[in-house]
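Note that the protein sequences, when read in sequence, are chains P and Y. Under the working numbering, the residues of the first sequence are numbered 1 to 230, in order. Under the working numbering, the residues of the second sequence are numbered 1 to 226, in order.
The set of hints was computed from the structure by calculation and includes no laboratory data.
Ranges of calculated distance between the beta carbons of each label pair, as one might list FRET restraints:
no., chain 1, residue 1, chain 2, residue 2, range
1, Y, T68, P, R10, 33 to 39 Å
2, Y, T174, P, D6, 18 to 24 Å
3, P, G194, Y, A191, 45 to 51 Å
Computed from the model, here is a short list of chain Y residues facing chain P with C-beta under 8 Å:
no., residue
4, F26
5, Q31
6, R34
7, G129
To be clear about the criterion: a stretch of chain P counts as covered by chain Y if any three or more of its residues have a C-beta under 8 Å from a C-beta of chain Y, and this derived list gives those stretches:
no., segment
8, 12 to 19
9, 28 to 38
10, 138 to 145
11, 216 to 229
Where a beta carbon is used, it is the ideal one built from N, C-alpha and C, also for glycine.
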Amino acid sequence: MSEHDDRIRRLLAEARHDGPIPPDVARRMDGAIADLQADRPVRSTVADLAAARRRRRARGLLVAAAAVVVAGIGIDQLRGADLGGGGADGGSSSSVAGDQADPGAESGAGGGAGQQPASEPSSRAFDGEPARLDARSFAREAAKLRESVAARNQTDYGSHQSLDATDGLMAAPAPTCSLPAVGRGRVVAVRYDGAPGALVFRRPTGDSQVVDLYLCGRGEPVRSVTLPAP
Amino acid sequence: MTPQELEDASDHELLRAHVDGDPFAFGALFQRHRDRLWAVAVRTMGNREDAADGLQDGLVAAYRRAGTFRGDSAVTTWLHRVVVNACLDRLRAAKVRRAEPLPDDLEEYRGRGSIASASDEDPADRSVGAERSRLVLTALQQLPDEQRAALVLVDMEGYPVAEAAAMLDCAVGTVKSRCSRGRGRLAELLAPLLEEGEGEADHALPRNPDPAGPVESDDAPRGPPA
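Bound conformation, chain P alone (with noise of 0.2 Å):
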């Protein structure tokens, strides 16, 4: 081999992508494999994705008209343990965000007794830190986050029903801060590599459900990963 060879071999080795990849393209590519899993059309683009969240978050703007407060949520069961620790002791309170209403999707399970007021804010103050969420096992700390949460309420996670507005409800910590509507989902605010935001829970669809995660300040989830139905 050349020098020239030798040369050109390094240079190459240093332009190398090193970086993950990028938020909004690991997004479509979860929207992808949902799609794929649901028998629907794989949708094509970043900007498809875009134009329907845009879509869907005007729609909940029409009704909604308050932007969610997403505060921390007592998760005091996952204080000093693993996130998936399952949380046995049951004992207190929920710790389950709410739902957010979506004037224009079908209303789950019957409605439910707290089913909020589309005018009110539509996530709820929780008492104790958010979960705390590694990028690197994203998925797996979603999935234990939702059977933790779920554990602790009892409930069905999967329902799509909404809890009462007072379930679990205390004093709200900081972080707080303020996001888009996020369409209908059950919203847990988390920190997220350390940044605060939420996950919201979708309904589940056949045996799958999606869970976007948003992080404050951002307008658009910044991932998403699809999680077997509970």
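Knowing the structure of chain P, use the given hints to seat chain Y on it.
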């Protein structure tokens, strides 16, 4: 599979589970390898939009054709093959943005990755490195698609030639030939950079010239006496 089982399963087990109808196995498999697949796609396609299209094409193809995987190679090799072929198909079909001067991720990823990863690196060195990579990537986009794909896999991603050949679905000799021709073309395109590097090397390692050898006669050697 439960989330824990998905995490613990091997690549082969995940692909098998997907073929057998597990709705989450493919997602778990793809998530494991997507960063590296993305790296190959973005360097092969030259810009992130086309790379995302190519990666998605590959993802869909892999999802649907998983049953054709024979198990005679690593799953990751097969995934790379599907994604690279999807990218090349797109390039062949559209000849997209061959003149696009730059992959746009250099700016996007400023501050991380190989170009500018070390926080204690001198900013001037980092800037020089970024500029050098920009020139290299610009030149890379001028190569024929197959040569570029071979160089991305072998010289950028560091795959052995045999594995790259499996990914590209061609003979080992073909990969070697494509790499060789590609490097030769890059050497022409990057001649100023290479000369600069040689200059730096000379500057970095000053030394005396080699001692002159014995003086040779310009006369033609004499033959034996007639």
